[in-house]
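Those sequence lines, one after another, are chains D and F.
Mapped onto our numbering, the consecutive letters of the first sequence carry residue numbers 436 to 1169.
Mapped onto our numbering, the consecutive letters of the second sequence carry residue numbers 52 to 135.
No lab work stands behind these hints: they were computed from the structure.
All figures in this text were calculated on a predicted structure; none of them were measured in a lab.
Idealized CB from N, CA, C, for every residue including glycine.
Among these hints, one or two may not hold up.
[Unchecked claim] Per the computed footprint, the stretches of chain D lying under chain F, defined by three or more beta-carbons under 8 Å from a beta-carbon of chain F, are:
| hint | stretch |
| --- | --- |
| 1 | 803-814 |
| 2 | 827-841 |
| 3 | 943-954 |
Take a look at the letters that make up each chain.
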Amino acid sequence: MRQTNEQSAPRPGRSPALWRIDDGAAASAVLRDRSWTVIDLGSHIARLQAETGEDFSLLIAIARSSLIYQSGKDHLRTRRAIAKFFGISGVEQWRGVIEEEVRRAMDRLASSGAPDLVRDFVDPVFVACIGRIAGLRAGDERGVLDSIAATRELTEPLLPIRRLRAAQAGFQFLSDLLQPAGAFAFDDGPAPLRDVLAGSALPDGVSAEALTISLIVAAHTAAESLGLALAGILRRGSTAWRAAADLGWSDLELDSLFREHSSTLMLYRVADRDAQVMGCPVHSGDIAAIDVRSINAATALQPQRQLSFGEGAHRCPGAELARLIYRIAVPALAGRFPALQLDESGVRVERTTMVRSPVALPCTGTGLRRRSAKMWEIGDHDLARRIAADDTLFGPPDMTEHLRSLQAASGKDLSVAIRIARNAPFFLSGERHQAIRLLTLDVLGNNRLPAWTPFIDETVEQLLDALPSGGQADLIRDFCEPLFRAVTQRVLGLHPADPARFDAIAPKLQELLEPLLSLRNIVRLQGVCTELLDLTAVGQGQPRPDLPPSLLAKLIAQAPEGFDQDDCHALALVLYGASFNIAYTLGNALWRLAGIAPDRRVEFLEPSNAGWLDRDVLPNAASPRFIYRTARIDGEIGGVRFASGDTMQLHLDQVNAGRGAGHLALGHGLHRCLGASLARLLMRRALPAFVGRFPNFTLTSKPSWIPNSQTRALGSLAANLTTAPTLVQLQKAL
Amino acid sequence: MSQVDIAEVSDFLASEISRRTGVPQSVLGPSTVLVDIGLQSLDAVMICGEIEDKYAIEVEPTMMFEYRTFGEVLQAVGELLATV
């Protein structure tokens, strides 16, 4: 505790001394000592009103009714009147309301073109919740926020007349929004504060309306602190953010959050008699400025000793409500938007003497953003799932029609490209898509694939045998790619006449998925497809009698109307192009496995670790970056209007972040990946077999990524296939 | 690239957009929003193909929607030409 204005002249005529307190014990002593009281704002405003002739009647009523400016018995009686409402069981009644408003605000954040945690989440949650809890008419969010901004300045020292005028107008606005007592009497929900206070015994001169409004304004501190806390968690990194979605997070973290991210900076008290604090003599009229931030910072090891809610008689009555809002809002937000990140370049926090307040917390990773005049980016899991599942509003891009129009407009022969498109399930809808789906699943369906398991195991073992035990290998070149080729070519029935040439150009098939290809690139890719079809002419290769019929053989044998042999061939080639994702995903999964301690790898992949594929591998390692859907008609989703023909680009890294079951790595709905079961079977057989053979493999250099806008894939993954046991393994063996 | 060339590119781009959308060239200005005058994906691919053929540069059709207005697309094409 130190005196900052060096004023120590004896009274009378002595100016009050200002004591700056940055020590927790001294602050506690001041806040608990009845020699110190709050500033008498009412008398100050009344004098100003008399001097200026201004109407500050509402400010005087607020000063009389607000807990911030009350003291003594009146303060005690007012606190008693609200104690039950703001107690733990009292605020718990509002849980449903808070959960509902948090959900609503998350939808708003998800649909915002330029999402901002203050404008699109914290403020809407606050206004909606406090409106319902206190008893305000809903509908003017901006008006409420502006009024609160004007009125809460009343706590700042020495306000000029113009700001007092603005505060009076702000209180008037809120007063006009306050519902008459009893307006909610027929609602199912709990009675709002306004009604509870109307029936309470309040001290003389204390108005239920003014008290309600003063509590609404003061409660905005919780919204400001929530914004600061969200920014604080996000700045700790993605691990901390995702942990905030876990059950049990709130009880561990709440006190630390309040301590580190309190919006309150200073608390003031006035000595109403001569006294001593921590041995220092203070005189009546002296002012104590309690530095909340410094004191909070010094209580890192005892977060419960923080001052964010004050202490003593004037301790914040809304602490339990703030806790409940945090408990609901933070995990919900972190759960729904696991990829959320702050855009630091736009963050703005305003400060006054008393408080700091986040004004803008722009962020990314929320859900829906306009990328171009015809394209929307979707990163929100719920929205992405709705879009993927809604075959009425959205369908795959109609590439066949696009190419036909382009052929007519350009005069170029695009017949091969058109044949590819009209047999590519990811460009089709309706009956043709349905026919392809049924035919393909007759070979690639979950119930058909077990017949291929011995062949897959045999191929995996051959490749593992060929790897240099104890030596160096490129896991992409020596394991993932050859496994993918051997299995997928055989299952699909493609037998290239020149395998080296086929393998060299086949990866270009992935480019077919890029949106809005230029005519030049369409012509180039058509050349690639023509060569690949020539290289795999139907009838080549020796079928193995011990294996089930390939997809191509089955297609040709059972082709329905509208499918000739060239269509069947094109379909098999298209599916091969799509199947590259199996090789890429396998490579990504091995890369992620390399990051797990050797001793945990085997148990990680054990059958007893149910769900490892969907929980730990596919959401994080699947190679496709996007799913595309085209709007069939004008419509609305997540609060934004889109036009027929707009493209929805679902960003799988954001959509799947932190997901287990329910991920969209293999798509969803009618257009779920037709090779999903084959991909899953290969992962299930290959990953445990590889780790079983080389549990201690280590990477020897940084992996190199293939430059591909549509796919996240490794070009190489150099590894040492060491057979030496780890220290832990040696200890276990001993 | 000189100012004269930009004017020439502007004329060419405007005539192509006008031909594809049916909107008179005289109506097109720097702030014309291409989607608002009915520019479709097919148009974007065709116009970019014409630009590629005339100026021997590579232009991705997505550019026609990433830059919203005629003026922004013209500037982007100008910048591509300047790097040739």
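Problem set entry | Numbers of unmet hints, in rising order | none
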